[in-house]
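Each chain, written out:
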Amino acid sequence: MAAPLRRIHVPRSVKRGEVFEVRTLARHPMESGVRFSTDNIVVIPRHILQEVKAFYNDRLVFRAEWFSSVSSNPYLSFRVKAVESGEVRVVWISDYNVHTSASTMIEVVAPDP
Amino acid sequence: MNQHSPSTRGVSRRGVVTGALALLGLPVLPAWAEGIRNRVSMFRRTFPVQPDVADAEVLVDIVLRGRTPEPDLIDLKLPVLAENGDSIPLTFDIRCSFEGNDWPKTVHVFVLGNPFPEVARYHYGPWNGSALTEMRFRMLQTSDVVLVAEMVDGRAATARQNVEVLLGACGG
Numbered sequence: 662m663a664a665p666l667r668r669i670h671v672p673r674s675v676k677r678g679e680v681f682e683v684r685t686l687a688r689h690p691m692e693s694g695v696r697f698s699t700d701n702i703v704v705i706p707r708h709i710l711q712e713v714k715a716f717y718n719d720r721l722v723f724r725a726e727w728f729s730s731v732s733s734n735p736y737l738s739f740r741v742k743a744v745e746s747g748e749v750r751v752v753w754i755s756d757y758n759v760h761t762s763a764s765t766m767i768e769v770v771a772p773d774p
Numbered sequence: 019m020n021q022h023s024p025s026t027r028g029v030s031r032r033g034v035v036t037g038a039l040a041l042l043g044l045p046v047l048p049a050w051a052e053g054i055r056n057r058v059s060m061f062r063r064t065f066p067v068q069p070d071v072a073d074a075e076v077l078v079d080i081v082l083r084g085r086t087p088e089p090d091l092i093d094l095k096l097p098v099l100a101e102n103g104d105s106i107p108l109t110f111d112i113r114c115s116f117e118g119n120d121w122p123k124t125v126h127v128f129v130l131g132n133p134f135p136e137v138a139r140y141h142y143g144p145w146n147g148s149a150l151t152e153m154r155f156r157m158l159q160t161s162d163v164v165l166v167a168e169m170v171d172g173r174a175a176t177a178r179q180n181v182e183v184l185l186g187a188c189g190g
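Each protein sequence line maps, in turn, to chains P and H.
With our numbering applied, the first sequence covers 662 to 774.
With our numbering applied, the second sequence covers 19 to 190.
Just chain H, same shape as in the assembly:
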């Protein structure tokens, strides 16, 4: 008596899975980005992956969500040349007043030449007063480092710098 075929049910299995993921608070990738799913740190556990700069650019595009980034909002301080990829110091600051709607909600750090290009996300609030942040990260090979800042009023900004690495870190 069961005459229902999957196409007439109105809810696809993919839709159910995506909805469940969204309910769990996990990030949902658009269909065209499913190919890079294994590159997103949130989904992965332990397996080796080869680095791919083109895939990493897709990740940056996902964060930008089609917004045109402003070029000169981020102050980026990075070495141009690093002898050892194990610990590369990064200092960044966002040029904003931290008053009203002028503060960054999230700053994403990407290293395009790493197998898992996402390095870190930093979340701020108006109580920070300044977004000046310092950290250290690993790099496998010479590549671009991209920072994406998402301002609370919906603007986005990027900064990009190439870092030459003489001796890459294991993995990354």
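With the rest of the complex left out, here is chain P:
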């Protein structure tokens, strides 16, 4: 079975105020738009994921703009500070404005006294 199209991973639970890592992986060819097809005449059109947005409880916390040099099946990880339990959702936007997303829940516990 093929790997899922978009994947996201966060720690199951973190303490409030702690910085946690969000790891994401997308399955995408990331066609750069400078490659020739096998007959060496036609340039394969660019088709990449050009923007990644991360939402933490529907609040935009991180944004990435990608260009043609990002490798295929792009991996991205970034950090967010834990505030409250809820949803972490990442949205990938392609050149043709197709939105795909993955989301997961995170549990925020009280810090040690």
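A few of these clues could be false.
Stated by the list, open to error - In silico DSS-like links for lysine-lysine, alpha-carbon gap of 25 Å or less: (1) P:Lys714 with P:Lys676; (2) H:Lys123 with P:Lys742; (3) P:Lys742 with P:Lys676; (4) P:Lys742 with P:Lys714; (5) H:Lys95 with H:Lys123; (6) H:Lys95 with P:Lys742; (7) P:Lys714 with H:Lys95; (8) H:Lys123 with P:Lys714.
Claimed, not checked - According to the in silico footprint, chain P covers these stretches of chain H (three or more CB under 8 Å from chain P): (9) 119-133; (10) 147-153.
Treat the hints as calculated values from the structure; they're not laboratory data.
Where a beta carbon is used, it is the ideal one built from N, C-alpha and C, also for glycine.
For this one, chain P is given, so just place chain H on it according to the hints.
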């Protein structure tokens, strides 16, 4: 009866075009940088372009906007030698406290030896707590990788490292 010549109208066609682009939210390049316009990913669609390191340095200068970059604000982790240019791992962190006005607004990643040197831009906020970010990118040939961080208080920082690529990726 139309006595108006273009020079007396007071608004040049170039000015109108630039203003319209600015209204649309598209980046406006200074006049001296028009030559590298096709190298900016935002403007381009599909066509082959030869890599040019000098043009790529102009792109870095545009981002710096004349500011003197601080040398030791960025922690950069890159391989010195990559056998395959298809997927080169990059990890970076910005040495800042993420309190008050001490956090990076944007981090730009450039690979000078690629036909389109811009690789990525990352936008942060004070809610991130840390700018530690990992990604993977393609490289066509051995060249410098340049990171430019724009701090929210107006400071800028750069980090630069040469990466030797044995087998370059197609395109880039």
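Do the hints match the structure? See the list:
With a CA separation close to 24 Å, the supplied pair P:Lys714 and P:Lys676 stays within the 25 Å bound. With a C-alpha separation of about 16 Å, the suggested pairing of H:Lys123 with P:Lys742 holds against the 25 Å cut-off. Taking the CA atoms of P:Lys742 and P:Lys676, the gap is near 10 Å; set against the 25 Å cutoff, the hint holds. Only pairs whose Cα atoms come within 25 Å are accepted, and P:Lys742 paired with P:Lys714 is accepted, the gap being roughly 16 Å.
A threshold of 25 Å between alpha carbons decides the hint, and for H:Lys95 with H:Lys123 the separation of about 20 Å falls inside it, so the pair holds. Between H:Lys95 and P:Lys742 the CA atoms are separated by roughly 23 Å; this keeps the pair inside 25 Å, and the hint holds. The straight-line distance between the Cα atoms of P:Lys714 and H:Lys95 is roughly 24 Å, inside the 25 Å bound, and the hint therefore holds. For the proposed pair H:Lys123 and P:Lys714, the alpha carbon gap of about 15 Å is at most 25 Å, so the pair holds.
With 3 residues having a Cβ less than 8 Å from any Cβ of chain P, the segment 119-133 of chain H passes the three-residue criterion, so the hint holds. Counting residues of the segment 147-153 of chain H whose beta carbon lies closer than 8 Å to any beta carbon of chain P gives 7, which reaches the threshold of three, so the coverage claim holds.
The structure agrees with every numbered hint stated previously.
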